[in-house]
Structures are given as structure tokens and as C-alpha cells.
Amino acid sequence: MSEKQWTEMDYAEFQELMDAYIAHSSQQDDAIPAPTFLELLFDALLQRVPNVIRLEGQVINGELVLAPAEEDTPVQVRGNQILLGDWRVIVTLRNGELQPA
Amino acid sequence: MRIVIPGAFTARHQDVLTRYLADDRLLRSAEWQLLYQGIDILDAARVQTDVGTGTFRQLYHRHIDACSATSYLERLLALEDIKAQSPALIAEFARRIAPHLQQAGLFLPDVPLTWLFYTYCVYWWQNFARGYAFEVQIVRDLRASGVEFYSHDIRDPVERRSAADMVVLNLTGDVKTSTYFLRLASSRGLPNDFYVTRLWTGGQRRLLVVFQKPAAWEKIDGDTVEGRLSDLLRLLPRPVKLRQDDVVLIVIDYATWKRRVLQVQWKEQDDE
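Chains A and B are the protein sequences, given in the same order. 1 is the number of the first residue of the first sequence in the numbering used here; add one for each residue after it. 1 is the number of the first residue of the second sequence in the numbering used here; add one for each residue after it.
By construction, these hints were calculated from the structure, which means they are not laboratory data. Even for Gly, the Cβ is constructed at its ideal location relative to N, Cα and C. Incorrect hints may appear among the rest.
What the hints assert, rightly or not - Label pairs and their computed distance ranges (CB to CB):
no. : chain 1 : residue 1 : chain 2 : residue 2 : range
1   : B       : Asp15     : A       : Gly62     : 41 to 47 Å
2   : A       : Gln28     : B       : Ala255    : 17 to 23 Å
3   : B       : Glu159    : A       : Gly79     : 27 to 33 Å
4   : B       : Leu113    : A       : Gly62     : 28 to 34 Å
5   : A       : Glu8      : B       : Arg238    : 45 to 51 Å
6   : B       : Tyr150    : A       : Arg94     : 50 to 56 Å
All chains should be built: construct the whole structure from the sequences, respecting the hints.
Set out below in C-alpha cells:
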């Protein structure tokens, strides 16, 4: 197999790479060695923050509109409001427009 | 069309992704971490077209999962021999991804960034398809072994997303391939009592094991030997207690776990 990056490949080479990947990955799981797997598993559990919910915002007609970045988000989002248990989080834009960070 | 890849996805991620696609057996430990990190970053990459905008994750769900998951699972469940027959089925569905995305205008030969979206879709499809093939294999094996358990109906899209794949001895469990297991651990921790997975130990060797929380193993047996991560393969099939700071997991080989579960279930029946 070529040492080329996919960014350096032409379309035919890329197709060849993907055809080969489909053929071998259909046969078996990723070949992540057991010691590496254990290391990554415990690292993940130790570093994990409790829960992350990703929202994305857009300004539409001057109003902030939030939406879950992923499906199956355990919070409700309506316009610029986030409903979280007994809490209603209201997010507004300062001076009605996005401020540079 | 415009594709926006987050700046956090660097040339190193591209490099490791290409090498993973070519031959994942050559990746070193740190490169696996880099690969998973890169894939996670791509979740948030965006595709902007005339008809709207979506992240790679959203578009994968819309164009791949929603269109193919249920029909794949129905075909999978109809197979007699999952281990022997599922690779052809997995490949058949994976090969449908390119024409489907091309038809949707999301994979274009002359727009190389769309190749990255196609790669992302194939990566997750293969993990999804292999994951369920593994789950069905385990479910059938437990049934054939006489273990009493409840398992969710994977044909039902709602039930498929249930928090646990199965319940055994009132313990909730999941059957996960290693990739999904790691993704779950980093995104949600390990909410269930046990996880059946398989470890690659080199060559063609895959070892079926069960990771359990200590309380779950207490209910089944409780006996363990203490071990370090590097000792696990040497200590199995004995139940091994692995501890890193506050995280404690008991790992046991699958056949032994199944035997101990059956012993508890038979004892419960005798007591009744």
C-alpha cells in the first residue's frame, strides 16, 4: 500500500484505499492491542468529565437560536432557552450582536 | 458546497487516519489515541450545501444510520452463522455508502474534502455493523448456553438505543466491540454493571472477556486476584481486579463468567 496521505492521492488511489479498508474491516474488529486498549480505557474513565452536552448557536434575524449538536440530547432547547430539570437557562447576546472573543 | 473541518483536526490526525485505513495493525499506542481523538473532532465538522448545514455526525445519522441500520439488522438476524456470514453482509452495506452519498451530492470525486466525510461514514458504519454482529453472536451464545437473560430488540430503533443491551441476574450489561467500548467510556463512563467485549492479543487471536463493576461481580462470585493492567492477559482466565486511582473493574474471561452466572441461576432455581 502506498505511503501517501489521502490528501495526496488521486480519486482512483483513494477508492483503492477505501475498497481495501472495507474488505479487511468487514472481517474483523480494529486491531487495537489489548494493553493499549486497557490503557486508553482507564485513561478515559479517569479523565472523563461527568456529562457533556453540546449545543450550537446561530444568529437568525438578530436572535440567538440554539440547537443540540447531536441527536439524543437529554435537554430541551427552544430558541435561546435551555430547559434543564427545574431550570430554564436563557442565553442572550450582549448588545444584541456577537462580540469578538 | 462548503466543508468546514475544525482546526483541531491536524495533519497528524490525517496521517494516522490514512495509516489506520491502510493497516491498523501497524498503529502504536499513542496513535490509537490520536485516531480516536481525530474521529471525535470530525463529529463536529460541517457540511454546508444549498439546502442546509449539518455536522458530519448529523449527516451520518440522516444519510447512513436512518437509511440502512434497520435493514442491515434484519438481514443480520436472518443469518444462520453470524461469524462466518456477517463479514460479507457488512461489506455489502459498506459498499452502498459511496453511491448513496454521491447521489446526495455529499461525496464528489473532484472535492477531496468530501472524501473525508465518506471516510467518516464508512468508519462509523463498520463499527456499527461489526458491533451488532458481535452482539447477536453473544446473545445467541448465551441463549444456547441456557443463561436466562433479557435482551433489547435491536430491530426497534428506539429499543436499540436503550441504556443497556441486556439484563442478567438483574444486572444491566452491554456487548461492545473495543472501539465502541472506548467511545462509551470517554463520553458517558460505564453506566452499566458489566460489558462483554473482545480484546485483540495479536495475530488472529481475539479474547472474549467481561468487564464488571465490583458490585456486579460480588453478586456472581466475588473472588478475585489483584492485577496491574500489564498483567491482565497473564492472569486470565482468573477474575482480575484492575485498579487505577478510583477506577476499579473486575475482568474475567467470558466462558468463566457465563459458567458462574449459570451456577447462580441454577442455585436460585433450586432455592425456589
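Going through the hints against the structure:
no., hint, result
1, Asp15(B) to Gly62(A): 41 to 47 Å, "43 Å, holds"
2, Gln28(A) to Ala255(B): 17 to 23 Å, "20 Å, holds"
3, Glu159(B) to Gly79(A): 27 to 33 Å, "32 Å, holds"
4, Leu113(B) to Gly62(A): 28 to 34 Å, "32 Å, holds"
5, Glu8(A) to Arg238(B): 45 to 51 Å, "49 Å, holds"
6, Tyr150(B) to Arg94(A): 50 to 56 Å, "52 Å, holds"
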